[in-house]
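K.L.:
Sequence:
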Amino acid sequence: MNAFVKVLDKHNVKYKDMLRRERLTTLQANMGNLCNQSCLHCHMNASPQGKNIMSRKRVNDILKYLSEHKGLILDITGGAPELNPNFDYLVKSARSLVNEIIVRSNLTVIFEPGSEHLPNFFKENRVHLICSLPCYTKENVDRQRGKGIFEKSLKALRILNELGYGKVNELQLDLAHNPIGPNLPLEQHRLEIDYKRNLNKEYGIGFNRLITITNVPLGRFNDYLETNRAYEKYNNLLKDNFNAGVLGNLMCRTFLSVDWDGRLYDCDFNLVLGLALKDADGRILTIDTISPVELEAKEIIFGEHCLACAAGSGSSCQGALDLPCPCAQGRGLLKLDTVRQNVKYFYQDAALRPKKELCCPATYEKEDMSYIPKEALEVSYGCGSPISIAQPAQGEAVVDLGCGAGIDCFIAAKKVGIPGKVIGVDMTEEMLQKANKALEHVSSNLGFLNCEFRHGFLEDVPVESESIDLVTSNCVLNLSSDKSKVFKEIYRILKDGGRFVISDVVSNKEVPVFMKNNQELWGECISGALTQNEFLSKAKDAGFYALEILKNFKYKEVEGLQFYSITVRGYKSKKNKTCC
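Mapping of the sequence shown onto the numbering used here: position 382 corresponds to residue 1585, and the numbering continues sequentially without gaps.
Heads up, some of the hints might be wrong.
In silico DSSO-like links for lysine-lysine, alpha-carbon gap of 30 Å or less [stated by the list, open to error]:
{"no.": "1", "residue 1": "Lys1691", "residue 2": "Lys1741"}
{"no.": "2", "residue 1": "Lys1442", "residue 2": "Lys1217"}
{"no.": "3", "residue 1": "Lys1698", "residue 2": "Lys1712"}
{"no.": "4", "residue 1": "Lys1254", "residue 2": "Lys1481"}
{"no.": "5", "residue 1": "Lys1577", "residue 2": "Lys1217"}
{"no.": "6", "residue 1": "Lys1501", "residue 2": "Lys1273"}
{"no.": "7", "residue 1": "Lys1436", "residue 2": "Lys1350"}
{"no.": "8", "residue 1": "Lys1260", "residue 2": "Lys1501"}
{"no.": "9", "residue 1": "Lys1209", "residue 2": "Lys1501"}
{"no.": "10", "residue 1": "Lys1757", "residue 2": "Lys1618"}
{"no.": "11", "residue 1": "Lys1326", "residue 2": "Lys1341"}
{"no.": "12", "residue 1": "Lys1370", "residue 2": "Lys1436"}
{"no.": "13", "residue 1": "Lys1341", "residue 2": "Lys1295"}
{"no.": "14", "residue 1": "Lys1577", "residue 2": "Lys1481"}
Now the in silico label distances, taken between C-beta atoms and shown as ranges [claimed, not checked]:
{"no.": "15", "residue 1": "Ser1299", "residue 2": "Ser1258", "range": "18 to 26 Å"}
{"no.": "16", "residue 1": "Pro1288", "residue 2": "Glu1435", "range": "16 to 24 Å"}
{"no.": "17", "residue 1": "Asn1444", "residue 2": "Asp1744", "range": "42 to 50 Å"}
Hints in this document: simulated from the structure, not taken from any laboratory. The C-beta atom is built at its ideal place from N, Cα and C for all residues, glycine as well.
Model the full assembly from the supplied sequences, consistent with the hints where possible.
P.N.:
This is the structure in structure tokens:
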């Protein structure tokens, strides 16, 4: 009985059915162990001396497989896969056969002789890049990857940024973090905020997402542990931090790894150990002998090394597993607390590093912004101008839900005047800090103070019942996974006859599960979008009447779905009125 099974038994995990393969989503092609770096954490022992090189025949076997089994993701790794002479051929030929191409790059490979074309090649073929950068400090990166690697990596990232990577939806640039030494990665979302803040502030570099990967004690990292007499300590760390909750999301359930010689494995780590998949007669399976259907329900080969993927927040080629990730899409929707935490981290980062791509496509009147400081305006995100459309009157009490840095609150404050009051509610402390700092400037310019900011949630608004005349929100309701509860809260705090004016994003049809489980798209107001009919129905069910769409325009297109910005008004009445 191997150590992994012992840990499963210790935690009373019923793993017989859980640790079986499911429907294949991703084919990971390991093009060999040739690399221009020799990193301390590398489980492949990849180096400039690597001799295992995937041949054109095996590349053609992969292309044939992809053409016969459409709809997969192709994930290309190594070594440095770009150094394989068949790399360009594989990418160009596979582009029309798969939903997505991912390339795992060490960044510095683009400076190797003959590789100068790669940045533009990636862009032309819409390659999703996952690039290794174990830290945002020179000392740690050079310690793990070699002297001078940090500066070369930054140079490569700047080139990619100039081409649009990390800035536009079609050109996704993710960074991969591996911890230094025998340690577990820090919490992925918080570390991502640190990465983005430091790389942007110090070097002007941007990227989409950080993924954290636990070092697996194989290859060169195993040698490092043995040399430093740290193997037992690290193994105990993995055991002590075992997390049964991530087992359902392990990448080996939906990934298939193909080696340079065509042999098949459950994952890249089993590949290193030579734990190849076999048929019922014990014959090793290769890419040209198997179909995805034949793999379903096949028992996964696991061993002591699997502890690394099941420790802490879990680990995979797509990052931490404590939240559903692309390798686990479709197995259930994110819970309210999970969505809330995810959105909170997204907007913590947005408060620290302004995201131009989230800026409101609608415009405010110049006079409404003249007294608001630039620091608040540059982190103003939304999809409409609800406060301008609502036209709050002198003396009214207004609540803005998801107020962010307070721009809509400040506009409302001027309109309701001294006899009125404005309350901004937000769950992100960093945004509230920006709002309160800007409030000093705004109140000084206006000559009065009638605005305050409160920490709270859309589903539990910290405001007295029946005390408010107008509730607004700007592209915020879609950030909640319990919109019915949000509408009930709005109804609760409004006075009889009070109204809401809300700008939000809706879709032309139901957002599919795989998008609802995409963490980045939640923050971008896409994953949580309802259809227009669903939006109006939830408002009506909460008791609102006279619902009216005041504005409607196209917002953006994502994954073939059309998303629209709508501004809706509705009224509260205790009388039985029918909705228009």
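K.L.:
Let me make sure I understand: some of the numbered hints might not hold for this structure. Which ones are they, in numerical order?
P.N.:
3, 5, 12, 13, 14 and 16
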